[in-house]
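Here is how the chains run, residue by residue.
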Amino acid sequence: MTATVGKSVQLRVERAGPLALLQDAGRFGVRRLGVTQGGPADIHAWAWANHLLGNQWGAAALEITFGGLSLIAEGDARLALAGADLEATLDDEPLEPWSRFDVRAGQRLRFGSPKNGLRAYLAVPGGFLAEPVLGSVAGVAREGLGGHDGQGGKLKKDDTLIFQPGHEEGELPEVPSAGERPDYSRPARLALIPGAQIAEFDGGSLFAAFNRPWQVDDRADRMGVRLIGPELTCGVSSMISEGIGLGAVQVPPDGQPIVLLNDRQTIGGYPRLGALTPLACARLAQCLPGHEVRLHAQALSSAQAEYRHFLQIFPASRE
Amino acid sequence: MQLPRLEVAGVDAWLVRLFDRIDDANMPWIMALLRRCEERFGEALIDLVPSYTTLLVHYDPLQLTPAEARLRLATLLADLDPEEDGGQGEGSSDSVKELHVWYDDSVGPELSLLQEHSGLSREAVIEAHSGQEYRVFALGFAPGFAFMGSLPEELVLPRLDTPRKRVPAGSVAVANRQTSAYPRISPGGWNLIGRTSARLFDRERDGFSLLRVGDRVRFVAVNRDRFEQAGGDATPVEERGANMSRKSS
Chain W
2 MTATVGKSVQ LRVERAGPLA LLQDAGRFGV RRLGVTQGGP ADIHAWAWAN
52 HLLGNQWGAA ALEITFGGLS LIAEGDARLA LAGADLEATL DDEPLEPWSR
102 FDVRAGQRLR FGSPKNGLRA YLAVPGGFLA EPVLGSVAGV AREGLGGHDG
152 QGGKLKKDDT LIFQPGHEEG ELPEVPSAGE RPDYSRPARL ALIPGAQIAE
202 FDGGSLFAAF NRPWQVDDRA DRMGVRLIGP ELTCGVSSMI SEGIGLGAVQ
252 VPPDGQPIVL LNDRQTIGGY PRLGALTPLA CARLAQCLPG HEVRLHAQAL
302 SSAQAEYRHF LQIFPASRE
Chain E
841 MQLPRLEVAG VDAWLVRLFD RIDDANMPWI MALLRRCEER FGEALIDLVP
891 SYTTLLVHYD PLQLTPAEAR LRLATLLADL DPEEDGGQGE GSSDSVKELH
941 VWYDDSVGPE LSLLQEHSGL SREAVIEAHS GQEYRVFALG FAPGFAFMGS
991 LPEELVLPRL DTPRKRVPAG SVAVANRQTS AYPRISPGGW NLIGRTSARL
1041 FDRERDGFSL LRVGDRVRFV AVNRDRFEQA GGDATPVEER GANMSRKSS
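Residue numbers (our numbering), protein chains in the order written: chain W, 2 to 320; chain E, 841 to 1089.
Bear in mind the hints are in silico, worked out from the structure with no lab data behind them. Mixed in with the good hints, there may be bad ones.
Claimed, not checked - Okay, derived cross-link-like pairs now, DSSO-like style, lysine-lysine, Cα gap no bigger than 30 Å in a straight line:
| no. | chain 1 | residue 1 | chain 2 | residue 2 |
| --- | --- | --- | --- | --- |
| 1 | W | K116 | W | K158 |
| 2 | W | K8 | W | K116 |
| 3 | W | K8 | W | K155 |
| 4 | W | K158 | E | K1005 |
| 5 | W | K8 | W | K157 |
| 6 | E | K1005 | W | K157 |
| 7 | E | K1005 | W | K155 |
| 8 | W | K157 | W | K116 |
| 9 | W | K116 | W | K155 |
Bound conformation, chain E alone (with noise of 0.2 Å):
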């Protein structure tokens, strides 16, 4: 398939296909023409959703046609530039965002599982999760969740099964290559191992969302004296994560 790509998403959007598999690389490049977008259409845009490998694109079909709209996009992509676009990222830095995570089962009751699943130690798991550094990859699901990866291979672990009605909110969880951190209670599938402090969804902030796709991020494990006086609530998960007969999700 010839990449890049514009695909029909509707009356007034065009799906920009950049790449067709998952990779860090390809984030600078999407951020990149994120940018570019907002540049060009001007009072045009209406809305973009970056996303692994993709950008939607939402312009407003009183102002362009689709045929407007496509040529002014394939022009934007014949002369992209990272380097020049500030592709590294929407936050305000190329600085890594640290998320502080009290590591313990009772916020996080699939760390055991993880262990067992990996044949890791605890403090491995730990080190595992908190000792890299990960790619927002795209934020959906929720406002403010962040799709993050690529986790190393030994904690890949599939989704649960059956997901939980309600994970609290700040639970730090893993499925299969991802990881993420719920911003408010929600259902969720995902295996829960820790939990943050830090608020990733907050309306009265500036920009609104802690992370945004193309930051870097890395966890770092603090105990639970420093999660609470951080903020964090230290409120036992009592939801069961539901079935261990596990397929791939």
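Extracted from the complex, chain W is given alone in its bound form (with noise of 0.2 Å):
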């Protein structure tokens, strides 16, 4: 494909879902100010969108949460969805969830309600461009932040993304066909590494936390995911608060566990299980409630090597 360099494209927001997001990989280097991490709450499929236009490792995509949104091109360019099946459709003609797929100038890009998972991501050539906050455009409401705004704000009605085409591409990756793409919808399996106060849970506790299920809980966001299930009791209830890294299972009184996604608290003083890996983070990201998981434990080497080989997928990772 040939792509007009330096000619700027723009989508613009005809209707906004609930919530549509830039994020590119996260802040980083501040979270010691009570910066949080912030960056895809699905860091799988935000990198193989990416991945599917030959982007850099760290490009902004949007992140869509339960679909609603509706885009108009202002302009020709060649996009990218991974992730969740959010019923999207270019002039109405329904698109594989996770596609490479050409729009011209006046074209709607339309995403419905959730038919697998829960947050897709739309690549784009080069990424959006925004203002970086705080070295990142990871948008962060909360915080006001970053996103296409620099304020931290989900996308509205008659906003404008607007990214530039780039330079010529090498040859772009296959498309994962149905068969390798992730199924949101079954139970979902999550690998936790043990570690933090988990000696301090009681044996009954910590049976039921790898034995039995657990549900999704509707106190989900980017902050963290609730679920529900026996309750946990631990011999520690408070503790002096500390940095939290992404994934903590945090269990406070009521005994059921919360875990610390992208935009959680950077410190937190109640005891944890130990931390989800990322790609469990990742999947998790993808449950609505009510979806069942299931927690297993997974030693830290092989989670770290696990993370690395995911990571290596993507050639300008972290360059």
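If you follow the hints, you should be able to join the two separate chains into one complex; please do so.
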């Protein structure tokens, strides 16, 4: 394909769904100031959406939660989708949930409701252009940082998103076939690296944590996802606040765990079972309320090896 | 428990537990370790979160295995020296940072509650809050929100049972043994006793946050005129701090 160099293209928001935010890899180096990490809730699908266009790791893509969004193209470009099936259509023609497709000026890209998963990622050549705030365009509404407007705002009607279809591209990767894509409708098996205060939980609680099904609560957002199930009891009820990593599974006094995701507070003081792996966080981010999940323990070294392997799919990773 | 200790915090993070209780004297050690991590991890460092007794070290999993990162941390810990490693604070100098505060009922509705609770006069409460130095133990909850301590015993007041939905920016607050100021409008459950004109978090400023972990801070009482001249917003707090039946939290 040939792309016009230097000519910017816009997508205009005709209808804003409940939540759509620009996300690059996240905001790093400022967590000591109380600034959250941000970044894609599903790093797996986000990375794939960018990869399908040959984008560098970290290019800003649009994270669309629930659907309901309608965009009008004001220019021609090749776009890519990955992640949830939110009934995307281009001028009413259904699009595959993982796909690369061309849009022409005037065409309407519309998202319906979640059919499989919760969050879809729309990538554009070179990534969406926005002013980085504290080094990142990751949109965090609570902090008023990043996003298309620099204020962490979610997309609103009549907002425009801008990008610049880039220089020539090499060969693009194949779009994963239906069989190779995750099926988010299946019960989720989430890998947890045991740690933190796990030894303080009683035996019955630990058995339940790893052997009983858990349900995703409706109190679930980019900060964290609450799981409903047997009550876990821990000998420690609260602690001096300390830095909290991605995926930390904290258990407040009500015994119902909360998995902390990208927009979590930087420090916290509840006992924790350990941390989900980044790929388990990504999987959880695709679960709607009521979805069944199970936790299983994974050793640190194998969890990291798996994550490395994932990162290495994407050639320009972290360059 | 043997300290310091390295605890797994994910595929790409270790939590270094240095102490088991809150103490002013912890902070130089934690900040010294933070500086060392910056030097010795170099490009492999992703982020650092210092807090009260710990340092969370987030590294690049493409550059270091967990074992390598752990070894590096263990080596750093072996000869840690706060004197040598500039552990006094993250700020540019050792000086005490001053926050100008207008203590008033209109912007600090729990000032009277603090009076009641402590049995002190208004003047004595203000004097007690502004009459000592505090240490920043952690930043969290929101960008630039500094957990400072420790408050004098007589000013200890539990959090509000029901948090306010909208605490105005600049609100100076106390809860248990700690004090802070809200950088921007947000929900919050601390007791409001005044307001500062200081810009606590500013994305255009070098370093962004006025306060940094390890900093020493002092509150300075100013009158309304000075507060407003310095750009303070004197709009009263409208939302009441709900619930007088208090339990410690």
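Taking the hints in turn, this is what the structure says about them:
For a cut-off of 30 Å, the pair hint linking W:K116 to W:K158 stands: about 24 Å separates their Cα positions. Pair hint W:K8 plus W:K116 does not hold up; C-alpha atoms about 35 Å apart against a cutoff of 30 Å. Under the criterion of a C-alpha separation no larger than 30 Å, the hint pairing W:K8 with W:K155 is consistent with the structure, at around 26 Å. In summary, the hint linking W:K158 to E:K1005 is supported, as the alpha carbons are separated by about 27 Å, within the 30 Å threshold.
Restraint check: the Cα-Cα separation between W:K8 and W:K157 comes to about 24 Å, which is no more than 30 Å; the hinted pair holds. Our distance criterion of 30 Å between C-alpha atoms is met by E:K1005 and W:K157, whose separation comes to about 24 Å. For a cut-off of 30 Å, the pair hint linking E:K1005 to W:K155 stands: about 20 Å separates their Cα positions. The straight-line distance between the Cα atoms of W:K157 and W:K116 is roughly 23 Å, inside the 30 Å bound, and the hint therefore holds.
About 22 Å separates the Cα atoms of W:K116 and W:K155, which keeps this hinted pair within 30 Å; it holds.
Checked against the numbered hints above, the structure breaks only hint 2 and satisfies the rest.
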